[in-house]
Amino acid sequence: MSSQPTSQTMQNTPENKAILCDPNPDEQWEVDEQSMQRYTAGQLQMVWWKFRKHRMAVWSGLIILVLYLMGMFCEFLAPYPLETRDVTYAYAPPQRIRFVAEDGFHLRPFVYPIKSMRDPVTLQRVYVEDRSRILPLRFFMQADPYHFWNLIPMNRHLVGVEEGGTFFLLGTDSLGRDLFSRILYGARISLTIGLIGVTMSFVLGLIIGAISGYYGGWIDNAIQRVIEIIRSFPAIPLWMALAAALPATWSPLQVYFGITIVLSFIGWTGLARQVRGKILSLREEDYATAAKLCGTSEWRIMTKHLLPAFMSHIVVSLSLAVPGMILGETALSFLGLGLRPPITSWGVLLKEAQNIQSVALHPWLLTPVVFVIIAVLSFNFVGDGLRDAADPYSR
Amino acid sequence: MLTVILRRVLWMIPTLFVISIISFTIIQLPPGDYLTSYLTALQETGEQPDEAELAALRERYAIDQPFYIQYCKWMGGMLRGDMGMSFEWNRPVNDLIGERLLLTMIISIATLLFTWAVAIPIGIFSAVKQYSWGDYLFTFVGFVGLATPNFLLALVFMYVGYRVLGVSAGGLFSPQFQNAPWSLARFMDLLAHLWIPVIVIGTAGTASLIRVMRGNLLDELRKQYVITAQAKGLVYWKLLLKYPVRVAMNPLVSTVGWVLPNIVSGAVITAVVLGLPTTGPLLLRALMNQDMYLAGSMVMMLAVLTVIGTLISDLLLMWLDPRIRYGKGES
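Going down the list, the sequences are from chains H and F. Okay, so the first sequence: first residue is 76 according to this note's numbering, each after it adds one. Okay, so the second sequence: first residue is 13 according to this note's numbering, each after it adds one.
FYI, nobody ran anything at the bench for these hints, they're computed from the structure. Hints are not guaranteed to be accurate.
Mimicking BS3-like on lysine-lysine, the simulated pairs with C-alpha atoms at most 27 Å apart in a straight line are [stated by the list, open to error]: (1) F:K141 with H:K125; (2) H:K128 with F:K85; (3) H:K353 with F:K235.
Given the structure is predicted, the values throughout are model-derived calculations rather than measurements.
Kindly generate the complete structure, drawing on both the sequences and the hints.
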């Protein structure tokens, strides 16, 4: 056979194959280098590569980051402190940021001052722009003092206008409070309540699910029944019932944590079920049996072999649980069962937009909803991307 | 099969018992009871409370008695079909819920039909034409639908209805039919108002159902039997509808039982915003005013209906998908 120098026989030897497939050996090496990198990449590296391919997820991740930064630095970013009110400017419409005035283009953005008047026919209060003068926006200006993170006294704001003028980017509410500032402060509450709630459900779900899946028997049975019972209540009515039970005498901080506990009361059950199911199936895997045969302790098998195997799934379900909690808080506060002023969350802000009259007359009161939707949407996309990335070996 | 059903039904008894305890605990959680708030309300208006009436109320609801006796009284009434009196409305709970239950039921079922009618075709389309522009569009719309709180949609619809169509979108009836007896005209009026709540409540459900349908169908389409059937020359649409779609429908069936509890809770928030005469707002008011017996009975009803609904779903699933087996030693 080997005496016949045909192309077919040459193909069978690996040395010749490369030459045949690719006439340029240098390029061949380059490809190999790349695949080498791919074969030696760690799990996290591969997850990141896969995640990066999901464009929407990456952008959503950035948006979430921006939202959290907004919540973190809200005192500095907001033009006004949370409770600054001026009833003479109640229900003022949003002021537009402009560059072009009557006298031409200004490099510095500005707003027109607004004046309130009574409509002679309807007797409603209306606001008119005073176009005779302009209020240039001042950046990093010193204005109302505040305590950054309730600790450091400061008085610098990112943007504002000089004393006497007003800068309501998104309008004001019934008490003349700047809606944009309040949305920024609300971001802090609305976004953290989801995180804390998820963390709580996570700890509970992980512990209880692991116990249930690992010990099995009657313990498993009892835990599963309890989960079934809790899940047999529809979420919103159960949340409502629990939230209504929070004493009215509680301090705002207590209410905040009370609501988080209420929200995670249902959240942990789903997670516990997932953990249990995963442990039940993973325990039967060959590598778990092998580890057991090697004399590995139960604890080590759990933490070193089983936990990493289903961690990615847990992270995915966590990221998908956050938006549910944000929506839950918004809904409860909207109904007046959740957070109460002075705590300001997006749901509390939306309470002002509860009826058709206020929405028809002051549509800007609905802007917190835009933030809710953006936040929830972003979390959903990130969760979606993570779900695809959680198993980087699949194509 | 029969033993499975029997076992499941027997399991419901302890489950319901625990649920009733939880429901009762929840309604007892708020400090104070209705009688005290009733008294203060009376004193504010300057009326003298009728001692005999108070004593009768106390006796009836065992307000001074310990927790477990109150529970037993409540449960005893419940078993006899008497859910107690609503303090706030001063009417039997049965009457109050009854008149709203029918409307809630109509809305819930209409919503379910709407959700399915929209979600199943779109889900199939998205899966078959994966990564087409249509798929991306529906995926995006679906995500937005999921992220939008229903009550916001309600507000938007009301705004649009008010501004563009000039109709008052709130409520389920025009004013002249509000308290009229049932007639064909009243029914038509109901249909004319029904579509807004149905769309508003159905949006989130539709969005998630599209996702579920698409994901499941994609999983099924990758399986070998689909390739085999195609290789054997089966017409694609016939094959699609006959096998993979049928399997992918399973999660739909497993959620059909949730319609039952929905009938009572009936998208509470949307109902509040739209001013629907359903059971949702009633529950909210009862919870806010500590109208204990009304709230407790409704929470309890919710749970019972969920348990029954889950049972129905499971049985349907067993019937639809013979591969699913419940209980040990049966396969």
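A quick look at each hint next to the structure:
The straight-line distance between the Cα atoms of K141 of chain F and K125 of chain H is roughly 23 Å, inside the 27 Å bound, and the hint therefore holds. Of the supplied pair hints, the one linking K128 of chain H and K85 of chain F is violated, its CA atoms being roughly 62 Å apart against a limit of 27 Å. With a C-alpha separation of about 23 Å, the suggested pair K353 of chain H and K235 of chain F falls inside the 27 Å cut-off, and the hint holds.
Violated hints amount to a single one, hint 2; each of the other numbered hints is respected by the structure.
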